[in-house]
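Mapping the sequence shown onto full-length UniProt numbering, position 50 (from 1) lands on 50, and the numbers just tick up by one.
Since the hints were made in silico from the structure, they are not lab data.
Among the hints, a few may not be true.
Subject to a maximum C-alpha distance of 27 angstroms in a straight line, what follows is the list of computed DSS-like cross-link-like pairs (lysine-lysine) [to be verified]:
#, residue 1, residue 2
1, K251, K225
2, K230, K281
3, K412, K492
4, K492, K547
5, K225, K176
6, K176, K156
7, K211, K230
8, K164, K66
9, K462, K396
10, K281, K248
11, K225, K191
12, K53, K128
13, K164, K281
14, K164, K128
15, K191, K128
16, K164, K111
17, K53, K66
18, K242, K176
19, K281, K242
20, K111, K191
21, K251, K211
22, K753, K807
23, K164, K50
24, K128, K111
25, K492, K462
26, K53, K87
27, K232, K242
28, K492, K61
29, K176, K248
30, K500, K415
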Amino acid sequence: MSSMETDDLIEEDSVVLVSEDDGTSSDGSHTEDEETEDEEDEADETAESKHIKQYIEILTKIAGDKYNYDNYVQLLEVAHEMNDLDKIRQSAEIFAAMFPLSPDIWLRWLKIESSLATNDEQVENVEKLFIRALTDYYSVDVATEFARLAMNTSSKEIAERIWKVLIPTYGLHTTKGRSIFEAYREDVLAKNGDSAESFNRVARIYEQELKVPLRGMEDSCIEYKLLCEKYKSVLTDLDEEKFERRYKQAKAALQRMIPHEDALAALESHEHQQRAELYRKYIADCRSELDDDEVQILYERSVAECCLDATVWVDYLRYLRNCPPDVDENVSPVFRQTELDLVNRALRNCTWSAELYVEKMRIVEREQQNRSKMTVVKIMEDVASAGLQTPEASVKVWLEYLTFLRRHTDFKSEKEREILRANFDLAWNQLGRTWGVLADPQCKILQFWGRLEYEALAEPNKGRDLWLSVMESADNATKAGLWIEFTELEAKRNTDAVRKLYRKSITTVGLDDPETLAAAWLRFERCNGTLEQLVSCQELCNATIEKYYSTFIKPLRPAGKGAKQKADGAAGKEATNAATTATTAVDGSTARKNLKRTHDQEFKVPAIPPANADNTPKDSADKSSGAETEPTESPSNGDAAAKRAKLNDPSLESRQVFISNLSFEATEQEIRSAFPELSIESIELVLSSSGKSRGFGYMLLSSESDVAQALSFDRRPLAGRPMFISNVARDKANRQHQFKYASSVEPNKLFIKGLPFELGKDELQRLFEPFGTIRDIRIVCFRNGRSKGLAYLEYESEAAAKRAVLKMDQHVIDGFTITVAISAPPPKKTEPAKNSSASGDDTAAGTSSSSLGSGKRQLAKGDVKQKLSAMIPTAVLKRTTAPAPNADTEKPKSNDDFRKLLLK
1 MSSMETDDLI EEDSVVLVSE DDGTSSDGSH TEDEETEDEE DEADETAESK
51 HIKQYIEILT KIAGDKYNYD NYVQLLEVAH EMNDLDKIRQ SAEIFAAMFP
101 LSPDIWLRWL KIESSLATND EQVENVEKLF IRALTDYYSV DVATEFARLA
151 MNTSSKEIAE RIWKVLIPTY GLHTTKGRSI FEAYREDVLA KNGDSAESFN
201 RVARIYEQEL KVPLRGMEDS CIEYKLLCEK YKSVLTDLDE EKFERRYKQA
251 KAALQRMIPH EDALAALESH EHQQRAELYR KYIADCRSEL DDDEVQILYE
301 RSVAECCLDA TVWVDYLRYL RNCPPDVDEN VSPVFRQTEL DLVNRALRNC
351 TWSAELYVEK MRIVEREQQN RSKMTVVKIM EDVASAGLQT PEASVKVWLE
401 YLTFLRRHTD FKSEKEREIL RANFDLAWNQ LGRTWGVLAD PQCKILQFWG
451 RLEYEALAEP NKGRDLWLSV MESADNATKA GLWIEFTELE AKRNTDAVRK
501 LYRKSITTVG LDDPETLAAA WLRFERCNGT LEQLVSCQEL CNATIEKYYS
551 TFIKPLRPAG KGAKQKADGA AGKEATNAAT TATTAVDGST ARKNLKRTHD
601 QEFKVPAIPP ANADNTPKDS ADKSSGAETE PTESPSNGDA AAKRAKLNDP
651 SLESRQVFIS NLSFEATEQE IRSAFPELSI ESIELVLSSS GKSRGFGYML
701 LSSESDVAQA LSFDRRPLAG RPMFISNVAR DKANRQHQFK YASSVEPNKL
751 FIKGLPFELG KDELQRLFEP FGTIRDIRIV CFRNGRSKGL AYLEYESEAA
801 AKRAVLKMDQ HVIDGFTITV AISAPPPKKT EPAKNSSASG DDTAAGTSSS
851 SLGSGKRQLA KGDVKQKLSA MIPTAVLKRT TAPAPNADTE KPKSNDDFRK
901 LLLK
């Protein structure tokens with residue numbers, strides 16, 4: 001509703017109350033009864049004036065903040081207190097223009113309208129209101145009231161129209177549908193009397209009901225058979241065999257559905273996420289047993305009961321895309337809604353959902369085609385006015401919008417190319433203004449823009465500038481996959497640019513996968529480089545990979561006296577196997593099976609000693625046969641080695657936790673002091689080659705029961721930095737970080753942004769405590785412990801959260817205007833596999849040597865290896881393999897001789 005419309009309503013409702021009768025008698029005196037009446041009238045006038053004043057104040061609030069749901073609820077409540085039907089209608093329409101009305105709100109209004117409808121025209125108007133109500137949400141309660149309207153009207157035409165809406169839709173509700181069929185039969189008998197036609201219609205209604213899986217259908221079956229027996233002389237078209245077959249199918253489906261219905265009924269009203277998961281399981285388990293209409297009713301029930309869960313709406317949209325709606329206007333609004341109708345319903349409930357805005361853009365593009373541009377622009381305007389709660393959601397919507405523009409841009413037109421560039425620039429700047437440093441840290445917008453500049457926009461120099469900005473942002477420079485993508489784009493300029501970029505990338509500090517990047521560079525030099533360039537590439541990559549292994553995979557010392565032989569047999573073997581698995585061949589081959597094999601490899605990775613490798617001189621190891629002596633290392637080194645061996649013992653993983661984000665200066669004693677509640681057996685901080693802490697390590701606890709308590713201390717501050725605590729799994733793929741915060745809508749939790757960076761937890765609690773009991777507060781921090789200006793605040797009740805949103809949203813604290821909203825974070829993305837890149841370029845990078853669709857070929861014992869001549873080009877073969885005249889007496893050629901021949 002616009003501000004102008006609201007102002008008109010305010011002027012309309014600003015009435016002045018004037019008394020027309022001053023309450024005096026003809027002689028100027030007042031009687032006792034008249035005085036009592038005057039007092040009552042004055043009280044009524046006072047109450048009415050108060051309600052009108054409240055009504056106008058709330059309208060003013062709505063004009064200032066049209067997305068505040070509670071204001072609309074208050075407006076409707078005041079209208080009902082006034083007992084003014086016009087005001088009830090007006091406030092309900094204002095409410096419905098912005099948000100869908102809940103079934104309870106509709107029922108309260110519809111019961112009033114139904115009771116006042118006395119003629120057919122009024123009944124038809126109420127019928128239209130019921131259709132609107134049933135379009136907002138699937139509600140059996142509203143449907144039951146609608147059925148009562150059909151039974152009370154004297155018009156058979158209106159009644160039949162109502163039943164045609166209710167029976168195909170609400171008669172399919174597994175637990176409540178039977179009551180709708182019973183009401184229908186009762187209405188048919190009441191309006192048609194005891195006639196043959198009436199009994200035949202009732203029989204058809206029973207048959208329609210008994211092919212639907214409904215709770216209590218056994219009782220309906222008994223009633224149907226009694227009807228058939230009693231009136232068999234007048235009933236026609238009875239097909240007992242067909243009836244029995246359909247009835248048994250429906251009953252079998254019901255048996256499969258009942259456990260799911262019972263599980264749903266057992267949930268508490270606030271368990272929204274569990275309810276959504278149960279509906280997903282329900283649909284997946286029973287879909288094969290049900291008709292399309294019955295499945296769609298389950299989706300309708302799920303979105304009605306979990307209306308603030310955007311993922312449920314997305315599930316429904318995908319179903320509707322595969323099962324398009326009917327076009328018959330006489331059926332229920334449920335079955336004639338299109339994808340666009342459904343996504344609009346969804347966005348009225350979840351205005352913050354990026355996924356739903358993305359779905360709407362795609363639906364509009366599919367349905368409207370040539371007319372879609374203006375509609376998609378309007379969608380982006382809606383996004384801007386609604387406001388998304390996270391930078392990730394904003395990036396997702398902008399990426400979809402820019403992708404849409406790319407599909408609809410004529411790249412031959414300079415004007416359209418500039419419009420596309422202007423939109424990329426707008427997206428990047430808008431995200432920066434709204435979210436600051438949190439906006440698109442991976443630079444997905446710039447990556448997309450840069451690739452288009454290299455390709456469709458044909459400005460590779462501009463594309464290079466954009467990609468350089470990408471690699472300089474956040475930790476992008478450590479990601480080998482991004483460097484490989486960058487080099488592939490640079491190939492559109494020239495090979496020298498690619499070579500320079502490879503050289504720069506392989507020397508980047510902290511590179512996550514140098515072997516894959518080295519393999520890509522090697523293949524490039526094989527295809528494009530000279531011998532000197534190939535050798536230079538290998539030398540630099542060898543040095544980088546050796547440094548990587550010496551830094552990240554350290555040899556472990558033995559646990560101490562008496563443990564050498566056991567460690568050699570077990571721990572050493574395990575460490576060697578783990579290191580072997582982690583090591584991949586640089587030239588695209590599979591994992592090395594033998595780390596000692598260094599010949600015939602493109603890059604020589606240093607052999608990794610076993611976990612129990614002893615660095616003491618060999619002659620000091622054993623003085624006599626069968627005797628074992630002490631290692632020749634200092635006692636302090638021996639203690640450290642024993643500690644490391646203990647912490648790396650797989651049998652102790654159940655008592656270990658992984659600690660990270662530590663200051664490089666943090667000591668073991670400081671860490672112990674930070675956890676006085678825990679019984680800590682030992683701590684190992686992982687050190688760099690220079691002996692300094694790398695900011696993470698392992699903590700061994702006295703018992704397994706202490707692990708859960710330690711994990712609950714995740715993000716406890718140490719020297720101003722939050723410590724990250726997770727469980728231990730030596731295989732990163734199996735390591736799970738116990739994140740304590742949910743990733744779905746939580747009605748009792750607030751997401752607060754725009755806070756002053758110095759604001760502490762105590763001050764935040766003082767500000768929000770007046771609205772209800774606070775369960776927990778978390779201020780989101782950078783790794784250095786500095787606040788990001790974001791916080792999550794959880795109340796004991798949903799009502800307290802709503803009050804806080806109403807009062808504190810847009811509140812100003814020390815010059816900072818904060819935004820307060822119900823927490824609704826996006827679904828957590830699943831992490832990619834350890835050896836997979838975020839893009840599809842891994843295959844190009846050579847991370848696997850197996851061919852597509854086939855395994856590695858195994859040579860049988862008698863197979864003959866391919867001859868060298870089979871792998872040499874024919875032109876070279878003719879020059880190098882021609883026999884000399886004195887071949888019989890000539891000395892056999894050495895490897896050096898062959899090498900000289902090939903180099904010619």
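To see whether the hints hold, each was checked on the structure:
1. A hinted pair counts as satisfied when its Cα atoms are at most 27 angstroms apart, and K251 with K225 qualifies at roughly 16 angstroms.
2. Restraint check for K230 and K281: the C-alpha separation of about 43 angstroms exceeds 27 angstroms, so the hint is violated.
3. A threshold of 27 angstroms between alpha carbons decides the hint, and for K412 with K492 the separation of about 19 angstroms falls inside it, so the pair holds.
4. With a CA separation close to 32 angstroms, the supplied pair K492 and K547 exceeds the 27 angstroms bound.
5. Restraint check for K225 and K176: the C-alpha separation of about 22 angstroms stays at or below 27 angstroms, so the hint holds.
6. Only pairs whose Cα atoms come within 27 angstroms are accepted, and K176 paired with K156 is accepted, the gap being roughly 25 angstroms.
7. Proposed proximity of K211 and K230 is supported: the alpha carbons are some 22 angstroms apart, at most 27 angstroms.
8. A C-alpha spacing of about 37 angstroms is found between K164 and K66, which places the hinted pair above 27 angstroms, so the restraint is violated.
9. Of the supplied pair hints, the one linking K462 and K396 holds, its CA atoms being roughly 24 angstroms apart against a limit of 27 angstroms.
10. A hinted pair counts as satisfied when its Cα atoms are at most 27 angstroms apart, and K281 with K248 qualifies at roughly 24 angstroms.
11. Simply put, K225 and K191 have alpha-carbon atoms about 23 angstroms apart, close enough for the 27 angstroms limit, and the pair holds.
12. With a C-alpha separation of about 32 angstroms, the suggested pair K53 and K128 falls outside the 27 angstroms cut-off, and the hint is violated.
13. Using a Cα cut-off of 27 angstroms, the hinted pair K164 and K281 is violated, with the two alpha carbons roughly 31 angstroms apart.
14. At roughly 14 angstroms between alpha-carbon atoms, K164 and K128 fall within 27 angstroms of each other, so this suggested pair holds.
15. Restraint check for K191 and K128: the C-alpha separation of about 23 angstroms stays at or below 27 angstroms, so the hint holds.
16. Straight-line distance between C-alpha atoms of K164 and K111 comes to about 21 angstroms, which keeps the hinted pair within the 27 angstroms bound.
17. A hinted pair counts as satisfied when its Cα atoms are at most 27 angstroms apart, and K53 with K66 qualifies at roughly 19 angstroms.
18. At most 27 angstroms may separate the alpha-carbon atoms for a hinted pair to count; K242 and K176 meet this at roughly 25 angstroms.
19. Annotation: proposed proximity of K281 to K242 is violated, straight-line Cα distance about 31 angstroms (limit 27 angstroms).
20. Restraint check: the Cα-Cα separation between K111 and K191 comes to about 23 angstroms, which is no more than 27 angstroms; the hinted pair holds.
21. For the given pair, K251 sits about 8 angstroms from K211 by alpha-carbon distance, which is consistent with the 27 angstroms threshold.
22. For a cut-off of 27 angstroms, the pair hint linking K753 to K807 stands: about 15 angstroms separates their Cα positions.
23. As the CA atoms of K164 and K50 are separated by approximately 46 angstroms, the hinted pair breaks the 27 angstroms bound.
24. Distance restraint check for K128 and K111: the Cα-Cα separation of roughly 14 angstroms lies within the 27 angstroms cut-off, and the hinted pair is therefore satisfied.
25. The hinted pair formed by K492 and K462 meets the criterion: a straight-line CA distance of about 13 angstroms does not exceed 27 angstroms.
26. Distance restraint check for K53 and K87: the Cα-Cα separation of roughly 13 angstroms lies within the 27 angstroms cut-off, and the hinted pair is therefore satisfied.
27. Our distance criterion of 27 angstroms between C-alpha atoms is met by K232 and K242, whose separation comes to about 17 angstroms.
28. With a C-alpha separation of about 57 angstroms, the suggested pairing of K492 with K61 is violated against the 27 angstroms cut-off.
29. Between K176 and K248 the alpha-carbon distance is near 20 angstroms, which keeps this suggested pair within the 27 angstroms criterion.
30. For the given pair, K500 sits about 34 angstroms from K415 by alpha-carbon distance, which is inconsistent with the 27 angstroms threshold.
Of the numbered hints stated above, those contradicted by the structure are hints 2, 4, 8, 12, 13, 19, 23, 28, 30, listed in ascending order.
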